[in-house]
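S.K.: Chains as they are written, first to last, in the numbering used here: chain Y, 1 to 318; chain P, 1001 to 1294; chain Z, 2001 to 2696.
Hints are computed from structural coordinates only; laboratory data are not their basis.
Do not take every clue at face value.
Stated by the list, open to error - Derived DEER-like restraints, expressed as beta-carbon distance ranges:
| # | chain 1 | residue 1 | chain 2 | residue 2 | range |
| --- | --- | --- | --- | --- | --- |
| 1 | P | ALA1058 | Y | GLY45 | 43 to 53 Å |
| 2 | Y | ARG59 | P | PRO1100 | 19 to 29 Å |
| 3 | P | ILE1123 | Y | LEU228 | 41 to 51 Å |
In this text, a Cβ means the ideal position worked out from N, Cα and C, and glycines have one as well.
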Amino acid sequence: MFRMFLQRVGLGVITVFLVSAMIFTAVEILPGDACTAILQRDAVGQRLENCRQELGLNRPAIIRYSTWAIQVLKGDLGTSIHNGKQIADLVFERFKNTMLLATLTLMLGVPLAIGLGILTALRRDRLPDVVVSTLAIFAMTIPEFVSATLLIFIFSIWLGWVPGIVTASASAPLSSFFPGIILPVVVLTMVMTAHILRAVRSNVIEVMESDYIQMAVLKGVPYRTIILRHALPNALLPAINVIALTIAWLLGGVVVVEKVFNFPGLGHYMVDAISDRDLPVVQAIALIVATVYVGVNLAADLLGLLLNPRLRTMRTRA
Amino acid sequence: MTVMSYSYKVPKSRFFETMTGIVSRPSGAIGLFLVVTNVILAIISPWIVPYDFKVVNANIILDGPSWQHWLGTDQLGRDVLTRTLLGGRQAMIVTMTATPLAILWGGCLGIYTGLVAGRFDEIVMRIVDAFLSLPWILKMLLIIVMFGSGIFVLIPTLAFFYGIPVIRIARAATHAVVARDYVSAARARGQSRLSIIWFEILPNVLDALLVEGAMRCSWMLLAFTSLSFLGFGVSPPTPDWGLMIADARSYMAIAPWAGLAPVIALSLLIIGINLTADALAKAVGLDRAQSAVH
Amino acid sequence: MHSQKLSALIVPNQRFINMQDTLLDINDLSVGLISPDHGHKPILRNINLKINKRETVGIVGESGSGKSTLALSAMGYLKKGLHYFGGRVHFSDIELMQASKMDLQRIRGGRMALIPQNASQSLSPTLRVRDQMYEALRLHTSHDPATYRHRIVELMGKVRLPDAENIVNRYPHELSGGQQQRVAIAMALAGEPDLLLLDEPTTGLDVTTQAHILGLLDDIVTNTDMTMVYVSHDLGAIARVCRRVVVMYAGEIVMDGTAEQVLEAPSHPYAKSLLASIPRVHRDALPAALEGRPPAIGDLQNACAFAPRCALKSKLCETERPNLFLQDNGAYVRCFHSGAVESWSPNIIPRSMYRSTQEEIMLDVQGLAISYDKRGFLDAVFRKFSSSPPTVEDVSFDIQRGETLALVGESGSGKSSILKAIAGLVPTSNGLIHLEKEGLLSSTMEERSKSQLQLIQLVFQNPDESLNPRQTIGEILEHPLRLYTDLDSKSIHERCLAILEKVRLGPHYMTRLPAQLSGGEKQRVAIARAFIAEAQIILCDEVTSALDVSVQAAVLKLLDDLKKKMGVTYLFVAHDLAVVRAIADRVIVLYQGRICEIGPVGKVYEAPHHPYTEALLSAVLEPVSGFKPKLLSRDVVEFSPVKQGCAFQRRCHRSLGDICERHKPRMQQISPDRFLFCHIDAAELSRLQNAPGTLI
C-alpha cells in the first residue's frame, strides 16, 4: 500500500510541475512583459533593453522558468508590479480571507448536503426527493451572480437584514467581515450543496440496489442498521472525491461571488491582477490555486485508499 | 436468473425514441418548451422589438414599467424589454456553437485515448489533470486578455476548455465498452481502429456524450454570462444579460426591474436546459432506478 | 390471467400425514409483474409446495422458470417491481406475505437462512468477515457475546475453512470464490436456522471446488436436523444433496417427487427432455436438443405451458391447463399424458465421428507462452520487472483438418488465454503458431494478413456481450463480409440470409436488435457470424457455458451440423467435461497453463493417466440420485503458477515429493496419439488407478 501512496504523490508532483510549466508558457505568450507594464509608454528602445537586462528578462525561457521555480520553492513569489510589495504577503492576506469564506461554507454545506443526499436517495421519487432534487439542479447551474443578485435584492435591499456588500479591506482582521460575509456564504453553500447532494444521492441509490444490501435484508438486519452499517460506509466513500473537488473550487475559483460582494479574496485579486496586467501576481496565484487543487485531490485519494478496504489489497487471482 | 420478455416491435429510429422519452416526462416537456421558446425569441427578436437597443434617452432613465416601456428603462434610458429580448442572442449563439464543438473534439480524443490506452493515454490524462487544476476563469481571462473578447475568440476558447472534461467522460464511457466482447470480436476480425470506433464504440457511447453535451451547454452559458458580468465578455452597447445585470446592480434599490428582467430570462433558459438534460438522462437510461429494500 | 386460478384443483401434499412436521407450506402462491396497462404477468403461478422437517428438496428449472423468485418468496421477499397476486406462504405458524417487519426480521437469518448465489457480491465489502458473522449471531441467537469468538471458530470448522483466525479478520474481497461461499454458508448457519435456502450457491465455482462444497452441505444436513431447499439449474448438484426434486417450468411446478422418481423415471415430458439434454461424461453422443423456448411472461393462456414444445401433445393440452395429478408412486405430475412418457424417448443422436482421412495439420502451435505482465507507468520509470511465472508455458499441440480439439481445465488453466492468443487478441511472450498454407501467425492481429484473419474466427462465451446492442443482426453479420470480401450489397444480403437459414433463424431476424433475441438465438447469431466468411478454423470460447442446459444441447447440435455441412475444424474451450465428451474428438487437459495430458476423448476419459485428469473426472456430478463424486485433490487455492517443478504439485494426491517440486514433468508418449506429462510412469499410474479399493 505504501507503494500506491508514493505513486499518487509522485503523480501529484508531476502534475504540479506540468501546471507550472503551462502557466509560465501562457504568461510568456502574452504580448508584453513586466517591463512593458512598468515602463508603459516609455517601453521602447534602449530603456526597454536596460529594463529587461535588469530584470533578467532577456535570458532564455528555460533559465527564467527554473529561476522562478527555485524562487517559489524557497517561498519567494516575486514582486507585484502594481504596488511593488512582496507577492507572498499580498497573496497570503487574501488567501486567508478566502479560507474563511471556504471554511464557513463547508461547515454549513457539507453536513447539509450529505443529509439531504441520503434523505432524497432513500425517499426516491417521492415528494422530498422531487422538491430537493429540482432545487438542487437550479442551484447548481444558475450563475452565482444571478443568485447573488437575487439574494441581495431580497435580503439586503427589500428586507434589509444583512448588508449586500463587504466593505472591509484585504488586510482587515477576520472578524470585520461579519456580517457582510453572510450572503456570500449562503450563495456558495447553495451551489456547493447542490453538487455534493447529487453525488451522494446517486451513490446511495446505487448502493441500495446492490446484492449485499438485499442479502442484509434477507439476513433479517433491521432497516436502520442496514443503512448505517452496510450502505452508508460504501456510499459515502466516493463522496470524498466530490467534496475534495468543491474544496479546491472554493479555494481558488469563486471569482464571481467575490467580485459581486466585493470580498477581498484570492479570486478577486486574481481578476484585478489580470486587468492590471500584473503578471507576476497572476503567475503566483495560478500556481497556488493549482497546487491547492492537486493537493486536495491527493489528500482525498489517499483518504480513500485508507478507508476503502477494496483499494488496499490488489491481488491477482488465478 | 433474469426473466426475459420477447417483444418483436420494429426498432424505431433512435432519435425519435429519445425525443419521445424526453417529451413524455413532465420535466422534459417543460424544459424543452423553455429552451425552444428562448431560442425562437432570440432568433426573431430583431424583428419584433419595439425600440432600438442603442438609443439613449436621458429623460426617461430608470423609469418603472409603463405602457410605452413594458419593462421600464435602464440607467441610460434604454428600453429594458428590447434589451432583454435581444440579450440572449450573443449568449445563445456562442453557447450553441461551442457546445457541439466541445463535444466533438473532447469526444474524439476521449474515445481514441480510451481505446488506445497505454502510454499515449497516460500522457493525455496527465495533461488533462493539469488543465483541470486551473480555475476556468483564469484560463478564459488569459486568452481574452490576449485576443480580445469577440465571438470568434470566445467560441473556440470555450469549445477548447470545455471539451477537456468531456475527454474524461468519453474515455470512461469508452472503457466500459471496450471491455465488451463485441469489441474484441471486431479486433479479432482485424477491423481497423477507425472502423471499430465508428461502428462499435460510438453508437454505444453516444448516449453518455449527449447527456454530457446538454450539461456542458448550461455550464458554458454560465461561463459566458459570468464573463460578461465581470466585464470581459460582450462589449457595450450590445445588449447582453450578464452585462445588464452587472449594470443594474448599482440601481437595485431604486429600479429593480432593470436587473430582474434579465435575471428571470437567463434563469428560465438555464432551468430549461437543465430540465431537458435531466429528462434526456432519464430517457436514455443513465439514471437508473429500483431499490430492493422491502 | 384470472381464469388460471379457478380451475386449478389444489391437491395438498399428502405424503406426510403428520402436520406438525410441516415447516414451510406454500399454498396457491402467485406472484408477478403488473404491466403498464394493468395486466397481470405472472412469474409464479399457483405454487403448492409443502416442505417438511429434515427434508432435502431440490427445485430445478431453467431461466424463466421462476425458481429464484420462489426461493425469495419462501422468505416473504419480493424484488422491487414484483407484486403479490394471491396465495399463502406459511412458515411454522406465521403467514409471511402478511407478516410484520419485526416477525420477518426475526425469521430471516434466524429460522430460515439464505445462502446466496454470488457470495462475492452478497457480502458487505466494507465489513470484515468477523463483524458480519457477529451480526448474525447477535441478531438471531441469545448466546453470551463473550462466546462469539469461540462460536465463530467453530462455525469456520464446520465449513472446513482452516486458518479461521486469519480469514475472519479479512475483508470479503480478499478471499477466493470458494472461501467466500463457505463464509456465506457459515453466516447462514450462525443463526441456527431450521431451514436452509440455497440459491445456486455453486454457480461459477470450479468443478473440484463445487464437489467439495456440495460434500460439505451434504454432511451438514446429515449431521443436523436441518431442512434444506436447494434451487438450481444443475441437476447433478441437486442429485448430490437432495432426496426430493421439484421441477419448474414457466412459473409452475410440473413434477414433484423423490429424486429417484424424477431422475430415473421422469413422468413429465419436460423433465425427461431436460434430463436427456444433459451431456454425460461417459456417453459418446450429443445430448438431445429441445427446440423452441419457454413462453414469455404474460403470454400464458389456459393451456399447458409446455405444449408447444412437447412431442406428446394433444388437442387437450392446448385447450386446458393440467393440474398436478397424484400418481400411483406418490409423485405429482402436471401432465395429461404422464403415462405415455415412460415409453417415449427424446432422440439422442450420435455425433459425427471424425475420420482422419487427410491427416492434414491445419494449425501447429509450438512452445506457446503467455505472460500477463501489468506494468504501470511509474513501474516502468522505476524499472520494476515482474518476476512471476508466466500464465501459460510450453504449450505445444497441433490440430488436424476436420477434427474438434478441446482444451479443458478449470479457472486459471490458461485455456481461454491460449485461444485468444491464437485469435491474436493476446500477445504471446514465446512460441510459434503456424497456420497451414498461410505461414506463421503473428501474435498480434494487426500484423496478420487478411487471408490469415479470415481463416480463423472466434465465438465468445457470453451471447449478451458479443453482439453490439446498437446494431441489427443484419449489420452484425455484414461486418466480416465487408471486411474480407469485395462482394456487392446484394450478394452480401443473400449470404446473410443463407447463413441465418443454416443456423435455423428466419429472415425476419435481419432487422432485429440483439435485445429482442433470447440467449440461445444470440449465440446462433454469433456462430453465424463466425461462419459467414467461410472460415476454416472456428475457435469456441466456452460458447455454451452461459446457456441453459436445453439451449446448450441445441447449440451443440448446431455446431455438429455445421461441421458436417461445411467441413470446418473446431478448437473448443470448455470447463464442462461432459460437454467436451459430447463434441470433441481429442482433448488437452490443462492445469495452471501447463499441459497435463493429450489424447482422444474417449480414451482419456475412460482411462485417465494424469492425477489431475483423474481428480477432475471423479469430481464430476451426474444427475443420478445418490451419486457422490470422489474428492481426490486437495482443496487448495492457487493464486499463481508455481515457480519451479510441476504445476500440480500443491494439490496432487500422488505427488512424489521432491522431484515434483523441483523438476518439470517429462513428456511420455503412451500411444501415437496420447501424451502425458508426469514424473510417474504411465504404466504405474494405470496400476494405481485400477487398484481395488480405489475409485473410477
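S.K.: Out of the numbered hints, which ones does the structure contradict?
M.R.: 2
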